[in-house]
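Chains as they are written, first to last, in the working numbering: chain L, 5 to 347; chain E, 5 to 347; chain X, 5 to 347; chain H, 5 to 347.
Be aware that a few hints might be false.
No copy is singled out in the list; a pair is fine if it fits within one copy or between any two copies.
Calculated lysine-lysine pairs in the BS3-like style (CA-CA distance at most 27 Å, straight line) [what the hints assert, rightly or not]:
1. K229 x K254
2. K229 x K239
3. K239 x K135
4. K239 x K254
5. K254 x K48
6. K135 x K229
Hints listed in this document are in silico derivations from the structure and should not be mistaken for laboratory results.
Each chain, written out:
There are 4 protein chains.
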Amino acid sequence: MINVGVVGYGYWGPNLVRNFAEANGVRMAAVCDARAERRALAEKRYPAIQTYQTWQEIVTDPSLDLIAVSTPVSTHYEIGLAALRAGKHLLVEKPMAMNVEECEGLMDEAAKRNLVLMVDHTFVYTPAVRKMRELVLGGSLGEIYYYDSVRVNLGLFQHDINVIWDLAVHDLAIMDFVLPERPIAVSATGVSHVRGGHENIGYLTMFFNTSRIAHIHVNWLAPVKVRSTLLGGSKKMVVYNDLEPSEKIKVYDRGITVNPNPDNLYQMLVGYRSGDMWAPNLETSEALGVEIRHLVECVENRKQPITGGDAGLEVVRILEYGTRSMRQRGEPVALAAQQREVA
Amino acid sequence: MINVGVVGYGYWGPNLVRNFAEANGVRMAAVCDARAERRALAEKRYPAIQTYQTWQEIVTDPSLDLIAVSTPVSTHYEIGLAALRAGKHLLVEKPMAMNVEECEGLMDEAAKRNLVLMVDHTFVYTPAVRKMRELVLGGSLGEIYYYDSVRVNLGLFQHDINVIWDLAVHDLAIMDFVLPERPIAVSATGVSHVRGGHENIGYLTMFFNTSRIAHIHVNWLAPVKVRSTLLGGSKKMVVYNDLEPSEKIKVYDRGITVNPNPDNLYQMLVGYRSGDMWAPNLETSEALGVEIRHLVECVENRKQPITGGDAGLEVVRILEYGTRSMRQRGEPVALAAQQREVA
Amino acid sequence: MINVGVVGYGYWGPNLVRNFAEANGVRMAAVCDARAERRALAEKRYPAIQTYQTWQEIVTDPSLDLIAVSTPVSTHYEIGLAALRAGKHLLVEKPMAMNVEECEGLMDEAAKRNLVLMVDHTFVYTPAVRKMRELVLGGSLGEIYYYDSVRVNLGLFQHDINVIWDLAVHDLAIMDFVLPERPIAVSATGVSHVRGGHENIGYLTMFFNTSRIAHIHVNWLAPVKVRSTLLGGSKKMVVYNDLEPSEKIKVYDRGITVNPNPDNLYQMLVGYRSGDMWAPNLETSEALGVEIRHLVECVENRKQPITGGDAGLEVVRILEYGTRSMRQRGEPVALAAQQREVA
Amino acid sequence: MINVGVVGYGYWGPNLVRNFAEANGVRMAAVCDARAERRALAEKRYPAIQTYQTWQEIVTDPSLDLIAVSTPVSTHYEIGLAALRAGKHLLVEKPMAMNVEECEGLMDEAAKRNLVLMVDHTFVYTPAVRKMRELVLGGSLGEIYYYDSVRVNLGLFQHDINVIWDLAVHDLAIMDFVLPERPIAVSATGVSHVRGGHENIGYLTMFFNTSRIAHIHVNWLAPVKVRSTLLGGSKKMVVYNDLEPSEKIKVYDRGITVNPNPDNLYQMLVGYRSGDMWAPNLETSEALGVEIRHLVECVENRKQPITGGDAGLEVVRILEYGTRSMRQRGEPVALAAQQREVA
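Taking the hints into account, I'd like the entire structure generated from these sequences.
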């Protein structure tokens with residue numbers, strides 16, 4: 005039985021608590037929030053749990069085995085490190101931390117103490133994203149030409165991070181799970197429309213060692229909500245619309261055929277191929293439930309999670325370097341040192 | 005009565021010929037195409053017209069007053085210049101020419117000879133785009149924060165230009181008509197997936213003197229067709245979906261309100277405002293017909309067209325500088341010298 | 005403080021319990037379900053509540069003031085009557101009972117004892133339906149020409165009722181709230197595709213004293229989910245799509261104009277008017293919460309609920325007579341005696 | 005070479021003329037319209053054709069082999085009969101005529117003279133409808149449970165027929181082509197909202213010898229255009245949306261499984277099966293072109309067309325009997341005498 009404490013009972017924390025409460029092999033034991041009314045709400049819903057006002061108390065509660073951190077990003081490193089130092093396994097919200105250095109600090113601490121460190125890249129555990137990975141790995145899409153995503157809506161402006169840290173983080177986590185290689189450079193643009201605020205519109209392009217390209221458009225100030233991804237391959241192409249209630253994934257048997265020897269200028273160099281469309285049936289499991297079952301199994305067997313520190317670091321690296329590019333109007337930035345030795 | 009000759013009877017030429025044939029004040033007199041089967045098709049449809057095999061013949065036909073050039077972009081300058089030198093008014097397909105210098109050459113020649121020079125920025129004459137301009141100028145959107153457009157589909161790969169010259173040209177023409185100022189710098193990214201081919205995916209960001217930003221995503225290799233634009237203002241926001249049969253323009257009374265003095269970190273700096281949506285009824289006139297009526301009026305009164313050489317040049321400038329940025333992975337390029345003296 | 009007991013903790017019961025638990029002026033006191041695992045689930049979620057295995061126990065629990073009945077329709081009358089006879093106020097699931105006679109029995113009992121009797125016509129309390137009523141009553145739609153609704157999906161086949169009792173009941177409840185008069189006759193068709201089962205496809209037409217018409221299409225065996233209603237008026241028309249996440253209600257300024265004196269056969273008798281579309285912003289309140297606040301207010305002040313026995317009876321009358329018509333392949337059936345004296 | 009004359013150059017006639025003009029084996033020879041401006045338009049577009057003011061002239065022009073009748077329905081019988089009597093093959097617009105008797109008159113005349121009689125059931129020649137027929141005949145849908153169609157829009161109110169004659173005719177033609185048997189009875193409802201006008205809203209249910217059911221909803225007074233059909237089978241189900249630009253046909257691997265021996269009332273009698281969705285790639289051929297090629301082949305080989313008099317008669321029978329039911333508020337009417345001996 006893994007005893008779990010959750011730090012932060014704001015927007016996402018209640019989902020963590022609810023899923024931990026229903027999971028097997030887990031006792032949802034404690035919740036921490038600085039705000040009395042949030043603690044009261046947790047207590048009303050879960051009369052048996054312990055509540056704490058400060059994170060220092062919960063991370064050192066000796067009855068707990070695992071701490072889940074669902075607080076503003078700027079606090080992830082400090083709270084996460086304290087939890088690990090207190091010998092707790094750690095589930096940390098995405099993005100993992102504020103920069104590469106903090107991520108590496110958490111990874112080193114977890115490695116040294118042989119503790120499980122998982123980043124809550126929830127989308128990786130959805131049936132739709134798992135299906136995309138299966139299609140890519142199985143080869144039915146052919147060579148992957150591009151990943152293009154739009155993730156826009158009205159709100160919520162964050163205090164401590166810009167819009168790519170808030171929204172593009174989802175796509176970066178998905179890309180890291182679905183694509184066969186990691187990008188080597190990033191060019192990003194974006195602006196803020198609130199004086200003194202962080203960028204609320206952002207565009208990220210990522211380059212690879214091949215002709216593959218990836219692009220993410222995020223916006224906190226859009227009149228409509230869009231969650232739409234194109235994944236283009238040399239054989240087939242996928243449209244992933246997360247707002248569709250049932251057919252989230254559509255696979256199009258469409259593409260081009262290159263004619264290497266056209267006779268003249270007017271003849272087609274490139275032909276078009278248009279075939280059937282197919283929407284695979286997807287399970288309806290809740291991603292967070294799947295994720296927590298995986299976490300429990302990792303803790304019980306001291307396994308590396310699918311979305312461990314390495315994935316969390318990769319995502320933060322692109323966010324950090326992308327923000328740097330964004331401040332220089334798209335100046336490209338190399339994504340150096342993708343592989344590292346764990347200390 | 006304006007006697008019109010059309011050069012190029014391929015994809016777009018037949019639309020020009022059909023609209024000239026139905027326009028008042030115009031005699032659709034001659035068509036030129038190097039391919040015998042295209043000339044035969046034009047003759048079958050319009051038994052009364054004259055056909056030519058070479059552009060040299062049509063541009064010097066003394067019976068013609070106006071030449072419309074609907075050929076590959078790389079030939080616009082040579083054919084257009086010859087037509088102007090032969091004293092003909094000129095309608096030239098978009099993009100106007102292959103670079104800024106060529107555009108300026110055409111503009112200078114037209115100015116010197118007091119001839120009308122119009123660029124076929126067709127979208128500018130659609131009811132939807134005219135409504136957007138009206139909304140922007142009327143002030144009901146407030147300050148314009150961003151223009152974001154997606155224009156993707158499968159095909160047609162062009163021989164002499166890349167995808168931003170083929171597709172982003174539409175958005176640049178729209179922006180030049182709708183937005184109150186012109187961009188000052190561009191950062192673009194893109195790749196080619198066909199060996200030796202031009203870029204078939206492109207992303208352009210444009211910067212302005214304010215915090216406004218514009219972005220265009222174009223793609224010849226998308227499984228589905230998308231023609232969707234977001235226009236965000238401080239008061240209201242527009243979604244323009246050109247594939248909608250009736251409600252192409254939707255105006256959302258949504259946005260943010262900035263709270264300058266939040267009491268604490270958890271309090272909202274930025275509030276959200278969500279009101280009604282409104283889709284104005286649009287005329288159903290064909291854009292090309294409207295455009296040709298405007299052209300006739302300009303020729304008759306020696307007026308500058310709405311989409312004259314200046315608009316054509318501005319669009320080409322961004323395409324030329326954007327392609328330069330694209331070859332350097334997003335390196336930003338300043339859009340120098342936006343105003344010029346006509347020679 | 006109103007002490008509430010809920011009978012039936014299956015599909016809908018948990019929603020009732022959750023909303024009663026969060027409502028002011030209410031103590032969610034007891035739940036009854038014949039199945040041990042459902043009682044266990046209720047106890048886990050609400051450790052403080054009392055659970056009962058038989059409805060006879062809960063309806064006679066002297067600590068309770070109000071009984072909510074969320075059981076199969078065939079049991080509504082017996083349980084509801086027992087609750088009323090025990091002096092409890094009554095909230096009963098839709099459809100209110102199996103036939104007109106049963107409905108009248110419950111109404112008479114409630115009237116005799118001065119108890120509140122409410123039918124859970126949930127849709128009546130949604131922002132979208134309330135907006136439709138407001139538009140109709142305010143006169144902006146003009147004369148109401150028709151109500152047309154499609155409510156289809158895959159499943160759930162019911163045991164004791166056919167598809168119109170299961171799905172058309174929603175539309176009948178909405179119509180009773182939104183339309184200014186009640187229908188005077190019904191013609192219905194439908195079939196069963198399961199041997200020995202109830203009709204799983206049904207079509208209901210309702211006639212009125214005017215040229216108004218209403219039609220409802222319901223289907224348990226459709227490949228896709230549709231929840232779409234057209235409400236046509238002489239001045240404006242509404243499309244209500246309950247599956248839209250935000251713009252559920254769209255008001256179209258469209259219609260016809262009749263030309264009383266056309267000159268000849270080819271001239272139009274009827275002209276078309278096409279204006280703007282407008283989607284009013286709707287609140288996002290949960291209907292059941294609104295409904296329960298209304299119920300509490302009715303109990304506290306001994307008021308008639310909006311969706312009282314009269315509305316419940318009207319809906320059941322159409323379902324009963326419609327099923328009779330359905331068994332005779334559309335033979336029309338008069339909806340006699342719409343007004344009755346309460347005994 | 006078949007010499008063709010077209011009677012009626014109004015809404016649909018120009019499509020017939022254009023397709024005849026482009027077809028092989030055909031000379032588009034003559035057009036008749038009572039209105040001078042329609043004749044002038046035809047002459048401008050096709051300088052080589054002969055025009056006539058009265059149908060009496062064109063049907064007796066000895067140079068013509070085939071007459072296509074595209075006039076109001078009430079005139080089909082008189083003009084068609086005259087054309088047949090003059091020894092011309094006949095293509096007649098849908099619906100074929102005003103009643104069963106007229107249809108039989110035309111069929112008898114054509115049979116007696118060994119002339120081809122074709123009804124312009126255009127939808128039968130679309131790739132989407134041909135795919136549906138292929139799916140039904142191939143057995144992949146299983147037993148066909150229902151056909152359900154919605155065909156609504158704003159306008160055009162017809163002078164001589166009601167809305168089912170104008171719009172449901174398309175679905176009846178499709179059903180006759182796609183379904184394995186013909187209906188045996190009809191129940192219909194509908195009303196008119198224009199004083200003295202024909203019904204502008206209509207609902208038709210058709211019954212079969214099995215538990216199959218068909219339903220068609222048509223409306224001239226809808227705020228939006230809908231062209232959507234559900235075709236439910238025991239194995240798979242089809243959604244056919246004619247307004248979709250590319251995926252018009254979607255095949256859903258969904259349905260129910262019947263549990264013959266449920267243990268108790270709460271156990272499911274009926275289970276649900278949800279599998280993949282598949283949208284077959286469809287050709288993009290224009291239906292009318294396909295239809296005219298078929299007509300030419302039938303004339304050249306004296307073959308019965310797919311959409312011959314028999315199909316035309318069946319459709320008119322349902323329209324005639326359906327209108328009778330509609331005037332009696334859904335009273336069911338048997339579709340007697342479906343097979344007849346040709347005189």
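Discussion item. Hints numbered earlier in the text: which of these fail when held up against the supplied structure?
Written reply: 5
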